[in-house]
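Colleague: What follows is the residue order along each chain.
Number of protein chains: 2
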Amino acid sequence: MVDFKIVSESKTTRARAGLLNTLHGSVETPVFMPVGTLATVKSLSPEELTDTGAQIIVGNTYHLYLRPGCEVINLFSGLHRFMHWDRPILTDSGGFQVFSLAKLSKISEEGITFQSHIDGSRHMLTPEKAVEIQICLNSDITMCLDECIKYPASFGDTKNGIELTTRWAQRCKKSWEENAQKENALFCVVQGGMFKELREMSADALGEIGFSGYAIGGLSVGEPKDIMLEIADFTLPKLPDTKPKYVMGLGTPADIVELVALGADMFDCVMPTRNARNGQMFTKDGTINISNSHFKCDTDPIDSGCLCYTCRNYSRAYLRHLFMEKELLAYRLNTIHNIHYYVNLMKSIRTAICNDEFEAFRNIYCNT
Amino acid sequence: MVDFKIVSESKTTRARAGLLNTLHGSVETPVFMPVGTLATVKSLSPEELTDTGAQIIVGNTYHLYLRPGCEVINLFSGLHRFMHWDRPILTDSGGFQVFSLAKLSKISEEGITFQSHIDGSRHMLTPEKAVEIQICLNSDITMCLDECIKYPASFGDTKNGIELTTRWAQRCKKSWEENAQKENALFCVVQGGMFKELREMSADALGEIGFSGYAIGGLSVGEPKDIMLEIADFTLPKLPDTKPKYVMGLGTPADIVELVALGADMFDCVMPTRNARNGQMFTKDGTINISNSHFKCDTDPIDSGCLCYTCRNYSRAYLRHLFMEKELLAYRLNTIHNIHYYVNLMKSIRTAICNDEFEAFRNIYCNT
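For the record, the sequence lines run as chains A and B. Mapping of the first sequence onto the numbering used here: residues 1 to 368, in sequence order. Mapping of the second sequence onto the numbering used here: residues 1 to 368, in sequence order.
Next up, chain A with everything else stripped away, as it sits in the complex (with noise of 0.2 Å):
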């Protein structure tokens, strides 16, 4: 059974260092959880992920759906098995992609029809639908479905949303209670766009009927950052204390520390791995493109004093080099950079909050 242990508390923030406990293995939290939207966190394998200290993964309901489908991954019991990965899995609900991904998808009580973006072929996602799926798929964290909604929106259209989503989770645990392995959890997405009000009724609605953990979804949507954090600031705290919050989609390292400042303890983006694949890499001192001619000739690594096996092992005169002439080598190695970068900063952020730092280190960090 899942379940979240708060281990430490920072005295003048809201952060808080958890440890979140699965049948795959124990999380520590803050944790940023790399995308493997396909089955392949793209370009590594789960050995080098490991080797970075990720701990859990994100897998995309909507992608896995489609392709390969539930009928192969079920040959193989769910999604570890099949991609050889033997740590926790979260998915989420496929809602979000089929939102921005799918053609012609619409909206009634029951669920989303669309139809995919491949080939066109015409589906339904409904709540029990996206349970079912993700059940076939064995996901540690199973997400509910929810109603993205678009930014700007108004107050009318958010609100019939956040309804929609309520009774489309009420719908989803139900589902789950019946079907799913009770070693797995579930977790809700609350919704609510820029309305604080909204948020809280979300919040509250959702906090009643009851889950291992709860999300705030459609954030970083396209609206201010000192928004974005307004809003996480109102909502975190609505969140049920005992339970993990998950902030969806983001963000940038500073985006995170602030985030965690917040209460906030779980993250993912594909700022990392998407990045890493068109040459930006993160470093102690901001970021840089490996494009840049001025590394022709640099024998230093990606970012000094980091561990991970690309900067151990090679320059940027190298990395420059493959990433130039398009060698598949170049998108592994940015990518095993970027996403030991955001697992380290996890980690210095969890030291600082067990240390009862995490307030200078915020304040160091964010305004450097």
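Note that these hints are calculated values from the structure, not bench results. Just so you know, even glycine gets a beta-carbon here, dropped at the ideal spot from N, CA and C. Do not take every clue at face value.
Stated by the list, open to error - Simulated DEER-style distance windows between Cβ atoms:
1) Ser304/B with Asp241/A: 48 to 58 Å
2) Asn160/B with Ser293/A: 57 to 67 Å
3) Ile209/B with Gly305/A: 50 to 60 Å
4) Leu101/A with Asp233/B: 57 to 67 Å
5) His294/B with Asn367/A: 54 to 64 Å
To be verified - Computed list of lysine-lysine pairs in DSSO-like fashion (alpha-carbon distance at most 27 Å, straight line):
6) Lys103/B with Lys103/A
7) Lys196/A with Lys159/A
8) Lys326/A with Lys174/B
9) Lys129/B with Lys296/A
10) Lys103/B with Lys326/A
11) Lys129/A with Lys296/B
12) Lys103/A with Lys129/B
To be verified - Partial list, derived from the structure: chain A residues whose beta carbon lies under 7 Å from chain B:
13) Thr37
14) Thr40
15) Leu66
16) Pro68
17) Val72
18) His84
19) Asp86
20) His294
21) Cys297
22) Thr299
23) Asp300
24) Ala317
25) Tyr318
26) His321
27) Tyr331
Got chain A sorted already, so can you dock chain B onto it with the hints?
Modeller: Here is chain B on its own, set in the frame of chain A:
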């Protein structure tokens, strides 16, 4: 100093097992050398290469000279540290790729003028320049510049070609003796097209100059396979038996077994790596293409009984899924398997030679 010892000889064929000692370690022959064109064996890390059992790799002088250039590689005192590979490296002379890739290449007594296939810049590759670049790469084995004769070619053109190749080999040796580290080795390339008389002349002339190893170039350039084998069969015994004999740019697994029977010790070929990236995988039962829909639900590994990382951890269904989705991990896992297949074949060949069972091994391998 590179030296070569014959450890065991087949009593019924010309196959022999040897040991080639270099500054960067010993190489058991017969050996297959994966091709690492641009300072990377496409998609693999050096550790993965080592894990497949690869003992030595090939670098391409033409490519490395153009990108990243000696200016960069000099900063790392050669290719080994630049690419994080501490085992032996053999580099070609660049000649073959000037002929096949560069624009407007033109041969004179002095060398080959050509335009880069990347930016059209003009360059001249002389025997001395080919040696100079390979010294900068710090190759364990440097290859002499040779004239690569097209197929088909007239007797007269081919004769002129081998005579030029001999004069260039003399210049390479002189330059190499004046400039190279004595721990490394210089190999020459026997040419002569499909004319036995010219192959013998080339072998004799180069043998008189004296090199640490002898390659056969200009095979598998479009001629029928029986002619390729006939010329190899004729030429290999003309090379000094105490030196390693290297058949360049070959071949299929069955070709390699046949060429070992004829006395060849060293091979390089892009087949296992390039075919892997196209989904073609070598197995004990022949080749398969992983994109075949037949494999969609196949939970078996690529080649049952294979001990490579890919076969130990992944199914055909997963590999097909990755390949169909063009996931970066696909190319890597396929390449690991194919190189392991080739390397493992060489190990089996060597064991068979040492046990004096090679002829039986060859009969079974090439007739099933």
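Colleague: Hint by hint, work out which the structure violates, then give me just those numbers in ascending order.
Modeller: Of the numbered hints given earlier, those the structure breaks are 2, 6, 8, 12, 13, 15, 19, 20 and 23, listed in rising order.
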